[in-house]
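Asks: Each chain, letter by letter, is given below.
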Amino acid sequence: MKFIVFRFNPDTDTTPRMQEYDIEVTRGMMLRDALMEVKRQDESFSFRHSCGEGVCGSDGVNANGTNVLGCITQVADLKEPITIRPLPGRPVVRDLVVDMSQFYQQYRAVKPYLIRKDPLPEQEILQSPEDRDKLDGLYECIMCGCCSTACPSFWWNPDKFHGPQALLQSWRFLADSRDQATEERLDALEGPYKLFRCHTIMNCVEVCPKHLNPTKAIGHIKELMLKHAI
Amino acid sequence: MSLTKRRFDALIIGAGGAGLNAATQLANADARVAVVSKVFPTRSHTVAAQGGVNAALANVLPDNWHWHMFDTVKGSDYLGDQDAIEFMCREAIPTVYQLEHNGVPFSRLDNGKIYQRAFGGQSQNFGGAQAARTCAAADRTGHAILHALYQQNVRARTHFFDEYFAIDLIRDDEGAILGALVLEIETGEPLLIEAKATLLATGGCGQVFRTTSNAHINTGDGMAMALRAGVPLMDMEFFQFHPTGIAGKGMLITEGVRGEGGYLINKDGERFMERYAPNAKDLASRDVVSRAIVTEVKEGRGVGPNGDHVLLKVDHLGEDIISKRLPGIRESSKIFAGVDPVVEPIPVFPTAHYVMGGIPTDRYGRVVTPIQNGPEEVVPGLYAAGECACVSVHGANRLGGNSLLDILVFGRAAGQDIIKYLKENPNHRPMNETGVEQAMSRLTRWEQKGEGLSVREVRDEFRKAMEDHAGVFRTDEIMSEGVEKVKEIRKKLADVRLTDHSDVFNTARVEALELENMVDIGMSIVLSALERKESRGAHSRPDYTERDDTNWLKHSLYFQEGDKIDFKPVHTKPLTVETFPPKARVY
Chain A
-19 MKFIVFRFNP
-9 DTDTTPRMQE
1 YDIEVTRGMM
11 LRDALMEVKR
21 QDESFSFRHS
31 CGEGVCGSDG
41 VNANGTNVLG
51 CITQVADLKE
61 PITIRPLPGR
71 PVVRDLVVDM
81 SQFYQQYRAV
91 KPYLIRKDPL
101 PEQEILQSPE
111 DRDKLDGLYE
121 CIMCGCCSTA
131 CPSFWWNPDK
141 FHGPQALLQS
151 WRFLADSRDQ
161 ATEERLDALE
171 GPYKLFRCHT
181 IMNCVEVCPK
191 HLNPTKAIGH
201 IKELMLKHAI
Chain B
488 MSLTKRRFDA
498 LIIGAGGAGL
508 NAATQLANAD
518 ARVAVVSKVF
528 PTRSHTVAAQ
538 GGVNAALANV
548 LPDNWHWHMF
558 DTVKGSDYLG
568 DQDAIEFMCR
578 EAIPTVYQLE
588 HNGVPFSRLD
598 NGKIYQRAFG
608 GQSQNFGGAQ
618 AARTCAAADR
628 TGHAILHALY
638 QQNVRARTHF
648 FDEYFAIDLI
658 RDDEGAILGA
668 LVLEIETGEP
678 LLIEAKATLL
688 ATGGCGQVFR
698 TTSNAHINTG
708 DGMAMALRAG
718 VPLMDMEFFQ
728 FHPTGIAGKG
738 MLITEGVRGE
748 GGYLINKDGE
758 RFMERYAPNA
768 KDLASRDVVS
778 RAIVTEVKEG
788 RGVGPNGDHV
798 LLKVDHLGED
808 IISKRLPGIR
818 ESSKIFAGVD
828 PVVEPIPVFP
838 TAHYVMGGIP
848 TDRYGRVVTP
858 IQNGPEEVVP
868 GLYAAGECAC
878 VSVHGANRLG
888 GNSLLDILVF
898 GRAAGQDIIK
908 YLKENPNHRP
918 MNETGVEQAM
928 SRLTRWEQKG
938 EGLSVREVRD
948 EFRKAMEDHA
958 GVFRTDEIMS
968 EGVEKVKEIR
978 KKLADVRLTD
988 HSDVFNTARV
998 EALELENMVD
1008 IGMSIVLSAL
1018 ERKESRGAHS
1028 RPDYTERDDT
1038 NWLKHSLYFQ
1048 EGDKIDFKPV
1058 HTKPLTVETF
1068 PPKARVY
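Going down the list, the sequences are from chains A and B. Taking this note's numbering, the leading residue of the first sequence gets -19, the next gets one more, and so forth. Taking this note's numbering, the leading residue of the second sequence gets 488, the next gets one more, and so forth.
These are calculated hints, taken from the structure and not from any lab test. Be a bit skeptical, because a hint or two may be false.
As the list claims (entries may be wrong) - Quick partial rundown of chain A residues pointing at chain B, CB under 7 Å, derived from the structure: (1) -6; (2) 0; (3) 18; (4) 21; (5) 24; (6) 31; (7) 36; (8) 93; (9) 106; (10) 108; (11) 112; (12) 181; (13) 185.
Since we're looking at a predicted model, the values are computed, not measured. A virtual CB, placed ideally from N, CA and C, is assigned to each residue, including glycine.
If we strip away everything but chain A, and leave its shape as in the complex, we get (with noise of 0.2 Å):
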C-alpha cells in the first residue's frame, strides 16, 4: 500500500517534502504497525510512539486530513494512499515530531490538580459512585493533542486560548466533589480568550481517539460560570 510521508529535517532540508513509501499491509495492521515499517526501510525518519496500546497518548499525527493515534487506528479504515502529517498547527522539529511545549503550557495553566483546603482525613476523602461517574469521560484523557491540534481557536491563538485538552481538565476538576477551588478556577477564566475563544466548532469531538468531548465539558464550565455569576 502507498503512504506519502511528511519529511523535514532541519538539518538537511531547507524545506519539507512529501515522501512515498510501499508498506506491505498485513491483517490487523495498525498505523503505528505501518509507520514503524517505514522506519525499518528507512531509519532517518522520525516520530514518536511508545504503548502501542492508545494509553500513553505519544503518536497522534494527521492522516488523511484527520488527527488520530497510529497505535489505534487500523491502517484498513484509511483510504489508499494514505496521506501522513504532523500534527497541523504546531512548529515541525522533524518529520512527524512536533513542538508540544504551547500545548503543554496551557495544560500546566488550568492548575490540573485537586484543591483541598480542608484538613486531609486519615482514610480516604469519601466519594459518592455517582459523584464518581461526573469524572468519566473527563479523566481517561492522554494528552495527545489531537483535538487541540485540530481547533481552529487553538491555530490562531495558541498563546492564549487553553484549547479543548486543557479545558477538558479544567472541568475535570471542577466535576470532582473532592476539589475545593471552585471560585478561583472559574475567576482564572475570566476573558475574551482562555475559555471564551471556543466557538463550538468541534472539531475536537471529532477527533479525540478516547471518544472524550471536550465541547461538552466547555459548555459545562460555562454554564457554572452562569450560576456563579448570578
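Chain B: place on chain A using the hints.
Replies: Just chain B now, with coordinates in the frame of chain A:
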C-alpha cells in the same frame, strides 16, 4: 566542543510512578531536583498499568497488612526479602490514601470508600478464602495514578528535562555517583547533570523479548547504566510472563478480568485452571497460570487454526459490569483482537511482562552491592526504585497489584532518604573528567560511518533469541544455546553502524543506544537463568522441576565484568513479625 553543565541537588532518571513520587517528596522539601525522562512524563509506562494497586484497606472484605505480607512472601516463592515485604505491605495503606488525596479518581463503593477487587494470589487469614485487596480506578489505574503524580509535580514546580536520554552515570574513584551524562533528543546536544544524589527510576526491560506487553521505551536503560557503573543486577533470571496477553500481539488483558469473574477455557471449553490450582483456579499466581496455558497449548488443547492460544471468557459477567469495571479491556479487545468480550471470549497467550530482578537496593532505595565488607554496601549517591530496582519484594514471582505498590512505596522511600542524604552531604563532589570522557565515548561511538550491520537487524535477531531461549520453560540445552547466541550478538554490536548522523530528534541514534542497553541486560538474564538449577516462581526448568531450598534459597548477582555470577542470602527475618518459613506453594 564545550560540554554544557547543570547542577542540582538530586537527579531523577525516569518519570514513571517511582520517579515522580520521589520527585514530589524532594520538590516539597525544597530540594533542587531535576527529572530526566526520554519521553514526556505521562507517556511513561506506568500509564499502562490496568488492574490496580494492593493495600489491605479492608473496604470490601476483611483484610490486614500481615495477610498481604504472607501472600507476597508465598507469591515470591520465598525468595523475597521479608523485611522489605513487611515494610511495603504496612506502607501500602497510607500510600493509597496519599494517592487518593493527590486526586486519583479511584472507583468507589456505595459507602464512598475506594473500590477494591480480587486479584491473583490474594488470601484472607494466611492462605484462606480469596481476599479483595486491589484498589482500582476502573481498569485504568496506572493512567490515573501517573497523571495525578505528574499533576502534583506541576503543582510543586519540579524541574523537568523532557525528552532527554540518559547515557551513563558518572562515578569517581571512590565509587560515588556524581550525576549523569544525558542527551537532549531534540537538539542532539549532550548535557552533564551534576547531582549529589542520583535516583534510577527507569522502569522495566520487556522489550528484550519479541512478544511483550511492554512499551517501545521499556529497554532497561537504568539497569544497563548500573551494570556499566560496576553495580551487579540481582535475580535477573526471574522474568514474569503475564498469562493473558492478546494472542499473537502481546497487549495486556488485566488480571482484573479474572478478578471480576472471568475465566480461561481450552478448545474443549474446559475451565482448565481447576486442574492446575483446585482452590484459587484462575486466580492462582501468574507463574502458575502462565505455565498452565503453555502446557494446554503444548498438549494440543489450544484454540484457533494453529491451536496456539486459549480463551478468556467474560461474557457471563454481563455488559453492565464489563462497561463499568473493564471499559479499557473491552476497547482493547475490540481494537486488537477484533472481539467484543460482551459476546465473545478473548484469545490470550502469555506475554513477557515484568522483570522481578534489577538493581539491588535496600528498603530506603539505596543501591547496595558487595564492595569489600559484605554483600550489601551502599553505593554513595546512588538510588534505584521501581521496576529497574530489586529490593527484593517480588522474589521469584510478583503478585498482580504489587507493582504499582512497589514503585509508589519505594519511590517515596527513596525520595525521603535522599532528603536525609542531602543534609549529611551538602556539597557536590569534584567532577571526574575521565568518567565524563568515558560516557561521551558511548555517544561518539555512534558517529562512526561506513558499511555495517543495521540496528534493526541486530535488534530483531536479539529479541527472537531471547524469546526462544529464555521463555516460560527453560532447559540447560535451550539456555546454553541462548547464552551463545546473546554472546554472539554482543560481539556484533561493534559492527553496527548508523546511516543517519543528523542532530535533531534522531530516533535512530536513540534506538542504537537502547539496543546496547538491551543486549547488556539480555546477557544478565540468560546467564543468571542458566546458573540457577531449580524451579522457583517464574523460573521453570523441566530438567530441575523442584524448588531446592537447601542450595538455592539465595539471590543471584550478575556482574558485567567477566560475566560473573555471585550470590547473597535472602533476608528471611521481617522487621517486627515472625518469619514465614518456606512451604510447598499450592494454590
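Asks: Going back to the hint list, which numbers does this structure go against?
Replies: 1, 2, 3, 4, 12, 13
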